[in-house]
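Visitor: These are the residues of each chain, in order.
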Amino acid sequence: MPKLERQPKWEYGRAMDISFPELALVVLIGASGSGKSTFARTHFKPTEVLSSDACRGLVSDDENSQAATKDAFDVLQYIAAKRLAAGKLTVVDATNVQPEAREPLVALAREYNCLPVALVLDLPEKLCQERNRTRPDRAFGPHVIRQQSQQLRRSLRGLHKEGFRHVFVLSSLEEIAAASITREPLWNNRKHEHGPFDIIGDIHGCFAELQLLLEQLGYEVTTTPDADGQPGYTVACPDDRRVIFLGDLVDRGPQVFDVLRLVMAMVASGTALCVPGNHDMKLMRKLRGKDVQISHGLAESLAQLSAEPPAFLEQVAAFLDSLISHYVLDDGKLVVAHAGMKQALQGRGSGKVRDFALYGETTGETDEFGMPVRYNWAAEYRGAAMVVYGHTPVPDPEWLNRTINIDTGCVFGGKLTALRYPEATLVSVPALVTYCAPVKPFLVLETEAPALTAQQIYDDVLDVSDVLGKRLITTRLHRSVTIREENAITALEVMSRFAADPKWLIYLPPTMSPSETTQEPGLLEYPHEAFRYYRHEGVERVICEEKHMGSRAIVVVCRDAGVATKRFGVIDDSFGICYTRTGRRFFDDPALEAAFLREVQSAVSAAGWWEQFHTDWVCLDAELMPWSAKAQALIREQYAAVGAAARGAFAEAGAVLAQAVTQGVDVQSLAEDYHHRAELIDQYVRAYQHYCWPVSSMADLKLAPFHLLATEGSVHTQRDHVWHMETLAQLAQGSSLLHATPYKVIDVTDPDSEAVGIQWWEALTERGGEGMVVKPLDFIVTGRRGLVQPAIKCRGREYLRIIYGPEYTRTHNLERLRSRGLNAKRSLALREFALGIEALERFVQHEPLRRVHECVFGVLALESEPVDPRL
Amino acid sequence: MLLLGMLLTITTTHTPATDLGYLLHKNPARLQSFPMSFGQVHLFYPEASLDRCTVALLLDVDAVGLVRGHESEGFALQQYVNDRPYVASSFMSVAINQILGTALGGRSKERPELAQTALPFAATLAVVPCDGGEALLRRLWEPLGYAVAVDHHVLDTHVPEWGDSAYFTLHLTAEVCLQELLTHLYVLIPVLDNDKHYYVGDDEVEKLLRFGHGWLATHPERELITKRYLKHRKSLAQSALARLVEQPDPDAMVAAHEREEAVVEERMSLQQQRMGAVVATLRASGARRVLDLGCGEGRLIGALLADKQFEEIVGMDVSYRSLELAHERIHLERLPEMQRERVRLIQGSLNYRDQRLAGYDAAAVVEVIEHLDPPRLAAFERVLWEWAKPGTVVVTTPNSEYNVRWEQLPAGNFRHRDHRFEWTRAEFQSWAKSVAERFGYTVKFLPVGPEDAEAGAPTQMGVWTRHGY
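Line by line, the protein sequences are chains A and B.
First residue of the first sequence: 1, per my numbering; consecutive thereafter.
First residue of the second sequence: 872, per my numbering; consecutive thereafter.
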């Protein structure tokens, strides 16, 4: 039987029923030979148990080395800290018979806000001695165990004082054998409750507004006097919805106790949850007779209190006392607390957690109004759970890193606000009266309101720790995409040195794989293979779009500069941007860029898109021509240079060979060969010339958009490519800049239809066109092995001269070039596609910029992976 | 005569001209083809009469084959579409050595005395790349006694506004021994091409000394030739130069050296003055823990290491390659532990907020801001003055007013291709004061380098001190 009195209230039942919270640091205490390891093996997972002997072995190869003790415990505590940080129950299997051995463990549990639990195996010394004698590896003398047993006995009484919140003592083999362990969920763990919820901010006795808000949310409040003649409330909920009150029900306002009655009734009937606010706790202490300072509106509560029967006040105190600091709900996706809850504290239980829930954190400074300066935990919040909180009145709720403060200061003349979950919509009722003047004004005049949201202000500059190092980005299309550290290193340089302001970069386009290599004579690529790819992936119809040879351009255009500020957080009076596939501003000349964007803007207006899509911005994926507009230097220094060198060399060689032929030297076939090669050079020069024309003004540019990527509220990936083509064709009407892209829909299960596609491609490429892009009709297609290539390019014979070299079509060149592997390119294309769409989705859903940027940065990082650039 | 480039022809008008066949050890009647590592070489005689005989060396470089197997060296499209098959490159030198080795060695079984006799030769190379233009071609060949004629090829006949290419068909004529001609070609073709295809090792120095014997040491462009032949390997080039001058004309060498240095010196000294001024300012600020933001290859870090006042030096750059060079430059691996612990190199960007930069006494930002796009300056300002918030900030940047004093700098150009802007003193100072005002600093300005009455100093420096620091 246990030798200790059971003093703490949370221990009850028989000693054999050992029960403690699911997140705890369990410290086993017992002399050598008391059976700790066996006990641990019986009741815990092997990974939950950290054994000092095992750690001795890790650092010294000898599990019994006493010399390794210090290092072994360093390792043990390091691992324990990692586990507790991750929220994992941890068992320390060591003798732990001395207070100085236990002290760091208690401190560790405190640091990670979990409960330290002592589990003592107090067996007779004789039994331990006997067991050790039979074990060859325990070569220490009997005095060691004697000493340990004595230390253990001396420790027992002080364990609670040392900080252990639960102490269990098992004193016989029978008790040990009969012990069963129960892990209890923490009170704040309500992960199994999925809502839907209506979360209501600080009420402060504003009962009338609370009733109005509940009505607006669809709840029906009925007043029924109870047995004592006091008003009682019954609330009927719409569609299984429940209310969550964020605390600060009391003080300052006119009907504190009506609010309490209603909330208590709802909590009692299971139609509401409630977390405590700092004001509620202070009132509770006052009701319990504690001496508290009468300030910050407590006086109003106390004045109303005299009218209440003492029994009710007792209920109020008990109710407030029972409130749990915060709740983790809906599989961990939602956290509610009065003053917020940072990630490391969510779902934990300790005094520190409770303090944070009630008061938040302060920096220790005070502001000009004498109020403590709050530490802005939300700015650094990186957790996955949505955190809804109140406590500090704000004029309007604003999202910041998945947190939202919905205390809109009703009692100060603001409004009472509810957040509907999971809809994430806000419902408010304005204050009927200003009940109390705030110490610090919080309602901002319209004219003084900042142009940017809290999130935009915070996102003005991104944090390097959100992009550097190895990263795993979860995307909705393609599970997780890994960004390797060395690629992030390259991307950081490119992004920093060349890219435009990240606020504009809501998308980067993926790379595109060519079709499988064809065996058609004289060709590397041919539509047949592209059609076959999609057919094999179960796709029946594809769209073939003419591939323009220019430069990839992403165009974002807003209705005006105000929209650019409001939606993108850009405050330099620009109303759009055109950037390259690496995020670099397309135009060096701001005047030309502005003219270009104005033209796109007026085309969007003319097409009526602002109204049609209920948007005030659009994002287009396009090709901007000519190629020479952006790639002039490359064309001159590389492509034209090669042509010039080759033409010069072949002219001389041809002459010399001709001379040799006339001299009767047998160089006839060599001469023919060189003549043929000289022709290939001419074809090569014509190939690149086709994509070059001089640009002196806007009139010389052509923009061919092929995806209407996104507008407010929508990423248009649900629409098929015919819709994109037809919709974008509207822009081309009446614009000299914008061009509709010719396309054909092909049934890849019908050879006749395929033949039409092939003919179309042949005609395109014969005219000097680059070729075509083949896409499944739907924007996103999942095939037999997951995501299907969103597009495959099929390039023409002449175009490929500028990719594979002027003479690639010579037979022995072509044969060798045919062995090319596409796997790396295709895998890359899918990952980049998934990231690009993820970036847009996140932007459209108003996620913080760093979440959008993470994806865009990821595309850039992936682009630095070594892949054959000719593909 | 010989042709070089993709094509080298060599023509002689010596009588009988057909002796050329004996000199080259190649039968004028036949086409001969030789397999080479880079493709094939064809040798034939387009004309072979008693008064005129031409041999042609035609290279068929296998561009596709060259790239295959080298994929691991990284991809760049330039590898696939390039001028290698069409220009006289070191492949031609390899061909001369392997196919005309006997003649290159100055030997001839049948005509030994003729091999040592100066004969009238004409050589044509189609084509040679030459970034230095016709002038460089002349500077290389004329001192060796050649008459030089060139055909300059335009970039694209359809786009005349693109102008000339860097490619020439080169015609050389001289009365020389065949061996001399071949030797000159052997050395100078790769010099023109400036892009040697094979690894440059110590034996290249030997080859250069062997083939340059008797003419390279006295060639006025010997430094350029040495440097380019050894493809800018500085130490190799120096060792070759050092051994070259053992013989002759030390006076001319010294003079050439001094000329070179005067140009370099002017720039070097500005750089050193800038480092000196920055170190002095940091020292005066009393800073112990300092940031070098945009540390590049670590020049400033090296200078700071020399002063024990600076207990912690963090060098940050966005370019990982620069950090690797800095690592080498300050010999971080080899520093004693006490010294090494003072230095840390990190990759980071001035456009991203960075917790690692907080809490330092001072930050130096030397010749960095002009590499930032003006719209991104605002982010940089917040990163440095709002969040990193060092007690002292030192920023240097070019003073654009001084640019008119740089003779080498074409008017209107920036000093560096990557500069996004260069500010006048008024522009810099107005920006600096606005930064100081917004973030709670005071700022003062110092000139760096020789001061010009009108244009000021070439470099301008701002020193910010945080209020209350």
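Take the hints with a grain of salt, since some may be wrong.
As the list claims (entries may be wrong) - Using 25 Å as the maximum straight-line C-alpha spacing, the simulated DMTMM-like pairs for lysine to aspartate or glutamate come out as follows:
1) B:Lys-1304 x A:Glu-672
2) B:Lys-897 x A:Glu-672
3) A:Lys-503 x B:Glu-1204
4) A:Lys-566 x A:Glu-365
5) B:Lys-1260 x A:Glu-365
6) A:Lys-503 x A:Glu-540
7) B:Lys-1315 x B:Glu-1278
What the hints assert, rightly or not - A few chain A residues that don't get close to chain B, going by computed Cβ distances all over 10 Å:
8) Gly-163
9) Thr-182
10) Asp-589
11) Gln-638
12) Ala-641
13) Phe-650
14) Leu-828
These aren't lab readings, by the way, just hints derived from the structure by calculation.
Glycine included, each C-beta is placed from N, C-alpha and C at the ideal position.
Visitor: Confirm or reject each hint.
Guide: Hints versus structure:
no., hint, result
1, B:Lys-1304 x A:Glu-672, "violated (73 Å)"
2, B:Lys-897 x A:Glu-672, "holds (23 Å)"
3, A:Lys-503 x B:Glu-1204, "violated (40 Å)"
4, A:Lys-566 x A:Glu-365, "violated (32 Å)"
5, B:Lys-1260 x A:Glu-365, "holds (19 Å)"
6, A:Lys-503 x A:Glu-540, "violated (39 Å)"
7, B:Lys-1315 x B:Glu-1278, "violated (30 Å)"
8, Gly-163, "holds (32 Å)"
9, Thr-182, "holds (42 Å)"
10, Asp-589, "holds (14 Å)"
11, Gln-638, "violated (6 Å)"
12, Ala-641, "violated (6 Å)"
13, Phe-650, "violated (8 Å)"
14, Leu-828, "holds (13 Å)"
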